[in-house]
Amino acid sequence: AQSVTQLGSHVSVSEGALVLLRCNYSSSVPPYLFWYVQYPNQGLQLLLKYTTGATLVKGINGFEAEFKKSETSFHLTKPSAHMSDAAEYFCAVSDVNGNKLVFGAGTILRVKS
Amino acid sequence: EPEVTQTPSHQVTQMGQEVILRCVPISNHLYFYWYRQILGQKVEFLVSFYNNEISEKSEIFDDQFSVERPDGSNFTLKIRSTKLEDSAMYFCASSDGTGVHEQYFGPGTRLTVT
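Keeping their order, the protein sequence lines are chains A and B. For the first sequence, the numbering used here assigns the number 49 to the initial residue and increments by one for each residue that follows. For the second sequence, the numbering used here assigns the number 320 to the initial residue and increments by one for each residue that follows.
Hints in this document: simulated from the structure, not taken from any laboratory. All clues given are correct.
List time: in silico BS3-like cross-link candidates among lysine-lysine, alpha-carbon distance up to 25 angstroms: (1) A:K97 - B:K361; (2) B:K402 - B:K361; (3) A:K97 - B:K376; (4) B:K361 - A:K117.
Full structure from sequences and hints, please.
Put into structure tokens, the structure is as follows:
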């Protein structure tokens, strides 16, 4: 079975500071990994994904994530936070069949001015 | 840009009543999914659907739940006899099935069971 653990239910950063949201996964098969963002009262929007190949993946809005197999991690980063980045972020894993996504509990990012 | 739509945005129903949540997936997509998010909890997979059949379902998706693609555009989730614990945000998603089955999510339907 696959599972995802997101460390920190709430993260607070200052505008312009580095954003680091942590995600660790468990999977018995090579995983596909995703980060989604959810703004208030909206659906889930895909930020970025890892399938195979390059372990550093870039997504929308300046976010990137690095797949580290040895650490079973897929942490999300952004060099400089903007106020508009305030939202909830979900890490998710799927298998190659793509029948379902397994989500982490989510991390609420707060950006202070 | 194509998007998944869901109706209604909010539904209030009484315990024991049947509800149908509707979704219009992206038009060329072939794989459809329902997820739910109980307030304050993680997003949970309910069911996936392809070629007019359920591909996979979770233990949450018991006999009270059913899915249907009644025509070429809609995808519905029916809850036959709602319980208080069914109160949640329900998300529909769709995928074209290529590559990594990237799933596109709708805005959700907030179901409140009283």
